[in-house]
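Enquirer: Sequence:
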Amino acid sequence: MAKEFHNPEPFRSENRPYAMAVKAGKLVFLAGQLGVEFIDGRRTVVAPGNAERQIEKIFINMRSVLEGVGAGLADICWLQIFVTNIDDRLGMDAVRRRFFGETELPAATMVEVSRLALPGTVVEVNAIAVIEDR
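Okay, so the sequence shown: first residue is 0 according to numbering that gives the first Met the number 0, each after it adds one.
Note that these hints are calculated values from the structure, not bench results. Check the hints yourself; a few may be wrong.
[What the hints assert, rightly or not] Straight-line distance between alpha carbons at most 16 Å, and here's what the computed EDC-like set of lysine to aspartate or glutamate pairs gives:
id	residue 1	residue 2
1	Lys25	Glu131
2	Lys25	Asp74
3	Lys2	Glu131
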């Protein structure tokens, strides 16, 4: 099976040792996303310590990456969420419902971890989406 590797801007400019998304058939695998934005070409943590604001930015970034492979958030069937404080889950649940709706939420796993890759980040999400061949 052929695989397509996607590293859209602004992520490509960071020269990461992995792809932001890999499309294999009808499956799209998204690498872990942090709540970051790019200001003057530099990765900046959104609202350090604020899980709700960070997961909101994560879903915005995921939507952008998915659009590059002809998909969208509605195509996500599974989320894996890492948090530094499991008590943040209730606030993040409301944000998830804003992006995915009330009835067709992706399956999800949430795990508390001691820290994440960038100082100030408190949530990281990776995902699997299923799309029709387009």
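Enquirer: Is the hinted pair Lys25 and Glu131 satisfied, with a Cα-Cα distance of at most 16 Å?
Expert: This hinted pair holds, its Cα atoms lying about 6 Å apart.
Enquirer: Could you grab the alpha-carbon distance between Lys2 and Glu131 and see if it respects the 16 Å cut-off?
Expert: 15 Å, holds
Enquirer: Would you mind confirming whether the straight-line C-alpha gap from Lys25 to Asp74 stays at or under 16 Å?
Expert: 10 Å, holds
Of the numbered hints listed earlier, not one is contradicted by the structure.
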